[in-house]
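This is what each chain is made of:
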Amino acid sequence: MIELKNIHRDFLVGEQKVHALDNINLSIEAGEYISIMGPSGSGKSTLLNLIGLLDSATAGSYFLNRQDVTSLPDVQRAATRSKTIGFIFQAFHLIPRLTAAENIELPLILAGTEPVQRRPLVDKAVAAMNLADRAHHTPDQLSGGQRQRVAIARATIMQPKLLLADEPTGNLDQKSGQEVINIIEQLNQQGITVIVVTHDSTIGQRATRQIQMVDGRIKSDQCSAPTGVN
Amino acid sequence: MATSLTDMVRFSWTALTGYPARTILMLTAMAIGVASVIMLTALGEGARRYVTAEFSSLGTNLVIVFPGYSETSGLNPIAMVGTTPRDLTLEDAQALTQNSNIRRIAPINIGSVAASFQGRSREVPILGGNADLLEIRHWQIAQGQFLPASDLDRALPVCVIGRKIRDELFAAQPALGQWIRLGDRRFRVIGIMGSEGRSIGVDVQDTIIIPVASAQQLFNTPSLFRILVEVNTRSAIESVKQAIIELLKERHQGKRDVTVITQDAVLLTFDRILGALTYAIGGIAAISLAVAGILIMNVMLIAVSQRTAEIGLLKALGAAQRQIVSLILFEAMMLSAFGAVIGLLLGELGCFAIRQAFPNLPAYAPIWAVLTAIAVSLLAGFIFSLLPARQAARLDPVLALRGK
Chain G
1 MIELKNIHRD FLVGEQKVHA LDNINLSIEA GEYISIMGPS GSGKSTLLNL
51 IGLLDSATAG SYFLNRQDVT SLPDVQRAAT RSKTIGFIFQ AFHLIPRLTA
101 AENIELPLIL AGTEPVQRRP LVDKAVAAMN LADRAHHTPD QLSGGQRQRV
151 AIARATIMQP KLLLADEPTG NLDQKSGQEV INIIEQLNQQ GITVIVVTHD
201 STIGQRATRQ IQMVDGRIKS DQCSAPTGVN
Chain S
231 MATSLTDMVR FSWTALTGYP ARTILMLTAM AIGVASVIML TALGEGARRY
281 VTAEFSSLGT NLVIVFPGYS ETSGLNPIAM VGTTPRDLTL EDAQALTQNS
331 NIRRIAPINI GSVAASFQGR SREVPILGGN ADLLEIRHWQ IAQGQFLPAS
381 DLDRALPVCV IGRKIRDELF AAQPALGQWI RLGDRRFRVI GIMGSEGRSI
431 GVDVQDTIII PVASAQQLFN TPSLFRILVE VNTRSAIESV KQAIIELLKE
481 RHQGKRDVTV ITQDAVLLTF DRILGALTYA IGGIAAISLA VAGILIMNVM
531 LIAVSQRTAE IGLLKALGAA QRQIVSLILF EAMMLSAFGA VIGLLLGELG
581 CFAIRQAFPN LPAYAPIWAV LTAIAVSLLA GFIFSLLPAR QAARLDPVLA
631 LRGK
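From first to last, the protein sequence lines are chains G and S.
Taken in order, the first sequence gives residues 1 to 230; the numbers are from this note's numbering.
Taken in order, the second sequence gives residues 231 to 634; the numbers are from this note's numbering.
None of the hints are false.
A few chain G positions that, by computed beta-carbon distances, are all more than 10 Å from chain S:
hint	residue
1	Lys5
2	Ser27
3	Gly31
4	Pro39
5	Leu131
6	Asn182
7	Thr208
Short derived list, chain S residues pointing at chain G, Cβ under 10 Å:
hint	residue
8	Thr233
9	Thr244
10	Arg537
11	Lys545
12	Arg552
13	Pro627
Using 20 Å as the maximum straight-line C-alpha spacing, the simulated SDA-like pairs for lysine to any residue come out as follows:
hint	chain 1	residue 1	chain 2	residue 2
14	G	Lys83	S	Gln551
15	G	Lys17	G	Gly41
16	G	Lys17	S	Asp626
17	G	Lys83	S	Ser234
18	G	Lys219	G	Arg209
For the record, the hints were derived by calculation from the structure and aren't laboratory data.
Where a beta carbon is used, it is the ideal one built from N, C-alpha and C, also for glycine.
Kindly generate the complete structure, drawing on both the sequences and the hints.
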């Protein structure tokens, strides 16, 4: 599903060139459950953003579903993000003035889906995330776990093939984090490719494929059998 | 990949209500701009209509003849004051009545003398006229009668006085039938002017009207100040004007020494001047709309930086750059439209207040000004939010999501 070849990503910090990604080669099959771990500044978030088409490589090529997306024009990048990729962020990134249901509806609105078609999809997503009694609350009235569930509902409302989560449990307590991880794993079992960036090794080790990054390079990339333990 | 209009409206609405302070600020700026355009053009237009109405009250189908002629084209204000190279006489006026297109004439003489009655005395403007003057100027008599119809050269010792003169000379006493002294002559009061007598240049309430021949004797001059000529039909005005010029030229040894103006020409000139004035103040007011537009730009730039994370999110959720542009533009346009509507209401309210305060001034904003104000405010909202919108669209989503 994902093919990264000789990917470089350089940033200019002042006068200094920083290699956030340094010659990354990575191949990901559909349906995989991958965690990317590493210390801060190791380039794991940059890699995730690049896979999510939020960022572009300085050099190298990126194939998504056998299509070269390395240098797509903006409109197609946006369309690909809309249809194929769902994002979950550490800070949730819910729009504070919209209700939970409205936040979940947002990708459908941006894609121009008719209101009649949106309603059942939103209702279904709300129910699936166990948010029925919270649907018309604004984010500040929700707990952290509920907020992240709203964000997951929003990320999956377009039925993407790829779910990218950047520290999804970073702002959550143990119990809520566990809950969120369970939901993400359920989504993976339904066939969605999941990539989770985390520095929490207990969460990282639950993935079937674990990638360790250091200094913009992949240090290790190992598959482990699904453990099935909590 | 196009968000529907209703969704745009809803999303923009939540954005506008979500940040009430900046929304109110921008609405106020836009509303003030639109309201000032509407009120200022209403004032200009009101002044134009007021002056036009005043001139119409001079009479209808009016041609004015006065002595003196200068070789300038168009209406020269100095020519109206006029120097007198050759007298315009009662005989000249009499000769005009031969023209079948002329309905009435009123030769006029003016001056000022001391008027006295039983020890009360004051300097009074005197208007020498005839019976037809009443009809030509559309004046009304409050009491008694106007000057009697008689030959123009009969110097009858009668006068019609304005209400203010009556109050000052007679106080509470009845004035009709009384004899007053004007200069070294005595005149009997036969009428008092009605309140409807005010028109440009002359306050008839503060004037004494006597027969023109009497005025000539009083001021010891054979010359006239003006001859007012009322023409039968509007279409005859131009030919009568030429006929008068020819006739008086003939009577004055072939020399053209009178100026003949038509009321239309005067009206048209004032209409043009005041019309231009209205455009000018409307234009000045439109500057406040541009200022409002610049404020919109500033506030939208702030809004974009306040909502950086949100814009980053929209991008992550699949919004293309042009979608971001249209969202921001739409939001600004909605603000401008609301501001324009509020300004329209405020402006009309202001016009209403002006009309209440100055009942004589028909302060109604012309429809072109209202439409232009609204169009300019929308345009300003659009143009000045292009820059913030483009800036928002170009945000790097990765940095934007981090709120940078």
